[in-house]
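Engineer: Each chain, written out:
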Amino acid sequence: MSDLQEFFAMGGYGAYVWSAYAVTFVVLLLNVLYTRSAHKRQHQELLRDQSRRRQSQNQDQNQSQNQSVNSTAEVAGGAS
Amino acid sequence: MFKWIHKFGSPPFVYRLCRALGPWMGWSCLALICVGLYLGLVQAPADYEQGESYRIIYIHVPAAWMSMFVYMVMAIASFVFLVWKLKLADLVASASAPIGASFTFIALVTGSIWGKPMWGTWWVWDARLTSELLLLFLYLGYIALRGAIETPTMAARAAAILAVIGVVNIPVIHYSVEWWNTLHQPASIAKFDKPSIHISMLIPLLLMVLAFQLLYAWNLMAKLRTGILQREKRARWVADLVEAGRV
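Residue numbers (this note's numbering), protein chains in the order written: chain C, 1 to 80; chain S, 1 to 247.
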């Protein structure tokens, strides 16, 4: 039996030892991945909020620009 | 001094601290796991009584220790939240619950897998195993309680009270092998004057304990960041962070 085979056999306890290690690292990895995806979701929500804020700011600016254009037109119309 | 303590109540400061320390925790945790597993699984000799099966100790004992350590952090943070109404303390407690439950689950499962070849049974209702199972239910109860109550402040308070009451279970777990006659073997390394474990087995075990501690710290910091962003999403400094792409 090669060294590697011997290592994986764990003196006949291979199934026990390796399944214990597998469960452990799968559970820990799930924790890491879940935490990461929760952070990404939160980040995306913040990005959405930001773009919404920008849009409403642009609309406000457009509206006030339109209003000022209208008012100058009115002033010009009144003068003529 | 007070100024220094006050900083830890300031969300932007804690956020930046977690962001700065997080990657270090993660990478050193990974390195320690590699070294610890190499020393534990390859270098350390087999146990004269239990043969190779004892190697489950390198995940079982660190997980069991962490299951209690994380609960203590959760209970203390909950106490701080109840007394001083510190919102960050509630975040620490709620962020600790899932990883604490995971460590408890790992301790129970790996113990069960170890018990089968050594004791001839997957499970016995003895003091150590039963109190550890109760710990898992405390964690799950904490998580369920938070999810069940709709008002966030009410949920936080109720869960914090549960966490503080549940702390009586911790000494029961710790002393169960001394108070009752159990199948579970007594502690191998609690006796620091003369540990009943050889140095070549002790070092990988301590490395794995440290690795699990770092994993918890890393996970906690990442969750604190997410929680702070969620609570402070309307704050100016969060908008600045998003703007700068430094979330």
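Hints were generated in silico from the structure; no laboratory data involved.
Be aware that one or more of the hints could be misleading.
What the hints assert, rightly or not - With a straight-line Cα cutoff of 30 Å, these simulated DSS-like cross-link-like pairs (lysine-lysine) come out:
1. Lys233/S x Lys40/C
2. Lys233/S x Lys116/S
3. Lys7/S x Lys116/S
4. Lys7/S x Lys233/S
5. Lys40/C x Lys85/S
6. Lys7/S x Lys85/S
7. Lys7/S x Lys40/C
8. Lys40/C x Lys116/S
9. Lys233/S x Lys87/S
To be verified - Some but not every residue of chain C turned toward chain S, in silico, with C-beta under 10 Å:
10. Gln5
11. Phe7
12. Ala9
13. Ala15
14. Val27
15. Val32
16. Glu45
17. Leu47
These numbers come from a predicted model, not from an experiment.
All residues carry an ideal CB built from backbone N, CA and C; glycine is no exception.
Engineer: Lys40/C and Lys85/S: Cα distance at most 30 Å?
Structural biologist: Holds: Lys40/C and Lys85/S sit about 28 Å apart, inside 30 Å.
Engineer: Are Val27/C and chain S close enough, Cβ to Cβ, to be under 10 Å, as the hint says?
Structural biologist: 5 Å, holds
Engineer: Straight-line Cα separation of Lys233/S and Lys87/S no greater than 30 Å?
Structural biologist: The given pair, whose Cα atoms are some 15 Å apart, holds under the 30 Å limit.
Engineer: For the pair we were handed, Lys40/C and Lys116/S, check the Cα-Cα distance against 30 Å.
Structural biologist: Distance of about 41 Å is beyond 30 Å: violated.
Engineer: Minimum Cβ distance from Leu47/C to chain S below 10 Å?
Structural biologist: Interface hint status for Leu47/C: holds (6 Å vs cutoff 10 Å).
Engineer: Grab the minimum C-beta distance from Ala15/C to chain S and call the hint holds if it beats 10 Å, violated otherwise.
Structural biologist: Cβ of Ala15/C sits 9 Å from chain S, so the hint holds.
Engineer: Against the 30 Å threshold, does the CA-CA distance of Lys7/S and Lys40/C hold or violate the hint?
Structural biologist: Roughly 26 Å separates the two Cα atoms, so the pair holds.
Engineer: So, as I understand it, the hint says Phe7/C touches chain S; can you test that by seeing if any CB pair is closer than 10 Å?
Structural biologist: OK, holds: Phe7/C within 10 Å of chain S, min 7 Å.
Engineer: Given the hinted pair Lys7/S and Lys85/S, is their Cα-Cα distance within 30 Å?
Structural biologist: 16 Å, holds
Engineer: Once the shortest beta carbon distance from Glu45/C to chain S is found, is it less than 10 Å?
Structural biologist: Check passed: Cβ of Glu45/C comes within 7 Å of chain S, closer than 10 Å.
Engineer: Regarding the pair Lys233/S and Lys40/C, is the alpha-carbon distance no greater than 30 Å?
Structural biologist: Holds. Lys233/S to Lys40/C sits at ~14 Å (cutoff 30 Å).
Engineer: Please work out if Lys7/S and Lys233/S have their alpha carbons no farther apart than 30 Å.
Structural biologist: Distance ~19 Å between Lys7/S and Lys233/S Cα, so the pair holds.
Hint check: violations occur at hints 2, 3, 8, 10; the rest are consistent with the structure.
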